[in-house]
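S.K.: The primary structure of each chain is shown beneath.
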Amino acid sequence: MNWSSWSEFFAMGGYGIYVWGSYLVTLICVMSEVLLISRRHRTLSKTYGLTHDPYGKENSDKEALINTEIDSSNNENQSVKAASSTEEIKK
Amino acid sequence: MAINWYKYASPASFYTLAGKMVPFFTILAIGLLTIGLYIGFFVAPTDFQQGEAYRIIFIHVPAAWMSMFLYVVMACWAGIGLAFNTRLSSMMATAIAPTGAMFTFLALWTGSLWGKPMWGTWWVWDARLTSELILLFLYIGFMSLQAAIDDPRRADKAGAIIALVGVINIPIIYFSVQWWNTLHQGASVSVNQAPTMASVMLTGMMVMVLASWMYSIAVILKRVRIIILERESHTAWVAELRKKGAL
Numbered sequence: 098m099n100w101s102s103w104s105e106f107f108a109m110g111g112y113g114i115y116v117w118g119s120y121l122v123t124l125i126c127v128m129s130e131v132l133l134i135s136r137r138h139r140t141l142s143k144t145y146g147l148t149h150d151p152y153g154k155e156n157s158d159k160e161a162l163i164n165t166e167i168d169s170s171n172n173e174n175q176s177v178k179a180a181s182s183t184e185e186i187k188k
Numbered sequence: 098m099a100i101n102w103y104k105y106a107s108p109a110s111f112y113t114l115a116g117k118m119v120p121f122f123t124i125l126a127i128g129l130l131t132i133g134l135y136i137g138f139f140v141a142p143t144d145f146q147q148g149e150a151y152r153i154i155f156i157h158v159p160a161a162w163m164s165m166f167l168y169v170v171m172a173c174w175a176g177i178g179l180a181f182n183t184r185l186s187s188m189m190a191t192a193i194a195p196t197g198a199m200f201t202f203l204a205l206w207t208g209s210l211w212g213k214p215m216w217g218t219w220w221v222w223d224a225r226l227t228s229e230l231i232l233l234f235l236y237i238g239f240m241s242l243q244a245a246i247d248d249p250r251r252a253d254k255a256g257a258i259i260a261l262v263g264v265i266n267i268p269i270i271y272f273s274v275q276w277w278n279t280l281h282q283g284a285s286v287s288v289n290q291a292p293t294m295a296s297v298m299l300t301g302m303m304v305m306v307l308a309s310w311m312y313s314i315a316v317i318l319k320r321v322r323i324i325i326l327e328r329e330s331h332t333a334w335v336a337e338l339r340k341k342g343a344l
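Sequence order for the protein chains is Z and L.
Each residue of the first sequence is one higher than the one before, starting from 98 at the first, in my numbering.
Each residue of the second sequence is one higher than the one before, starting from 98 at the first, in my numbering.
Source of the hints: derived by calculation from the structure; they are not laboratory data.
Glycine included, C-beta positions come from ideal geometry on N, C-alpha and C.
It cannot be assumed that every hint is accurate.
Residues of chain Z clear of chain L, computed beta-carbon distances all greater than 10 Å [stated by the list, open to error]:
| hint | residue |
| --- | --- |
| 1 | Ser101 |
| 2 | Ser102 |
| 3 | Trp103 |
| 4 | Ser104 |
Think about it this way: if two alpha-carbon atoms lie no more than 20 Å apart in a straight line, the pair counts; the simulated SDA-like pairs of lysine to any residue are [to be verified]:
| hint | chain 1 | residue 1 | chain 2 | residue 2 |
| --- | --- | --- | --- | --- |
| 5 | L | Lys117 | Z | Ser135 |
| 6 | L | Lys341 | Z | His138 |
| 7 | Z | Lys143 | L | Lys213 |
| 8 | Z | Lys143 | L | Lys340 |
| 9 | L | Lys340 | Z | Thr144 |
| 10 | Z | Lys143 | L | Gln147 |
| 11 | L | Lys341 | Z | Arg139 |
| 12 | L | Lys213 | L | Gln147 |
| 13 | L | Lys213 | Z | Gly113 |
| 14 | L | Lys213 | Z | Leu132 |
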C-alpha cells in the first residue's frame, strides 16, 4: 500500500491538482457521453412512441398514432438527427 | 467458421446483435476499470523521477491510443461504406466519431496537466502535440460536416472523404517522436522492443487500455443502435418493434 492516510492519497505527493484534474475531467467526459446517449435514446423513444406505455393511457389512440407517425417519420427523422448531433458537438 | 457476415450487414439483424453485445461489454468495461484503477493507485509504486504525477499515465496513454485507433477504425468503416455503398458501415463511422473525439480531447487535456509539472508548460507546439490537436480538428470536422448535410447518405459520403484524407495524420502522430526532435518522450511500449517501464506500472496501464476498448465498444454499439433506429424509422421492422413496444 502506498498511502498511510486519505489526505496523503488526495495530496498525491504535491501533484494532487494535476492527477485529480486529469481523473475528474475524464470522469465528467465519460459520464456526459453515457448520459447524452441515453437522453438521445429517450428522445427517440418519445418521438416515435417506441416506449411501452404501462398504464395504457394512450392505448386507445395508439394504432392511429402509429399510422400517422409512420407517414411523417421521414421528416421527424431529419429533425431528430440534426438535434441530437448538435447536442453531441456542443459537448 | 460458418458465420454469414452478410446477414449482419443488414441494419435490422445488426440492431438485435448489438443489443445483446452492449451489456456484455459494459460489464467488462466496469470490471477492467475497477481492476486498472486499483493497480494504478494502490499497487503501482511511486515513480522515482516523477513522484506521484506519473499516475496520469493510466488515462493519458489509453486515451491517446484509443484516439488514434478509433480514427483508423472510423476511416475503415467510412471507406467501406463509400466503396460498397453499405449503409451500416457508414452508420458505424458516424457512431465512432464522438467517442474518438472525446478520447482525443482527454489525451490533450491529461497531457497538458502532465506537462505542466514535468516540462514546466501546459502546451508547446511540439510535433506530437500539434498532430494530436489536428486529429481533434479532424474528428470535429467530420462530425460538423455530417451534421450540416441533411441527406444522411450524402453526409456519409462527404464524411468518408474527410475521414480517409485524414488517415495520413495517424502515422504522423505515431512517428512524430522519431521524425522530429520533440519535447514529448519516445514510445515506452512498442512492438519490436521490450517495454521500458516497470512491469506493475505496465500491467496497470494495459488493463486501463483494455477497459477503454471495452468502454468504446459498448458506447459505440449503443450509439449505432440509436442511429439505426433514427435512419430506419420508415421501415417495416422498426414499425414492428414500435407495435411491440420493444426497443
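S.K.: All the hints need checking, so say for each whether the structure fits it.
M.R.: Okay, the hints, checked on the actual structure:
No beta-carbon of chain L comes within 10 Å of the beta-carbon of Z/Ser101; the shortest separation is about 12 Å. Listed as outside the interface, Z/Ser102 is consistent with that label: its C-beta sits roughly 14 Å from the nearest C-beta of chain L, beyond the 10 Å cut-off. A cut-off of 10 Å between C-beta atoms confirms that Z/Trp103 is not in contact with chain L; the least separation is 12 Å. With 10 Å as the threshold on Cβ separation, the claim that Z/Ser104 sits away from chain L holds: the shortest Cβ distance comes to roughly 13 Å.
Of the pairs offered as hints, the one joining L/Lys117 and Z/Ser135 holds, with about 17 Å between alpha carbons and a cut-off of 20 Å not exceeded. A distance of roughly 17 Å separates the Cα atoms of L/Lys341 and Z/His138; the hinted pair therefore holds under the 20 Å criterion. Taking the CA atoms of Z/Lys143 and L/Lys213, the gap is near 46 Å; set against the 20 Å cutoff, the hint is violated. Proposed proximity of Z/Lys143 and L/Lys340 is supported: the alpha carbons are some 14 Å apart, at most 20 Å.
Between L/Lys340 and Z/Thr144 the alpha-carbon distance is near 14 Å, which keeps this suggested pair within the 20 Å criterion. With a C-alpha separation of about 51 Å, the suggested pairing of Z/Lys143 with L/Gln147 is violated against the 20 Å cut-off. A hinted pair counts as satisfied when its Cα atoms are at most 20 Å apart, and L/Lys341 with Z/Arg139 qualifies at roughly 17 Å. With a CA separation close to 12 Å, the supplied pair L/Lys213 and L/Gln147 stays within the 20 Å bound.
Under the criterion of a C-alpha separation no larger than 20 Å, the hint pairing L/Lys213 with Z/Gly113 is consistent with the structure, at around 13 Å. A hinted pair counts as satisfied when its Cα atoms are at most 20 Å apart, and L/Lys213 with Z/Leu132 does not qualify at roughly 31 Å.
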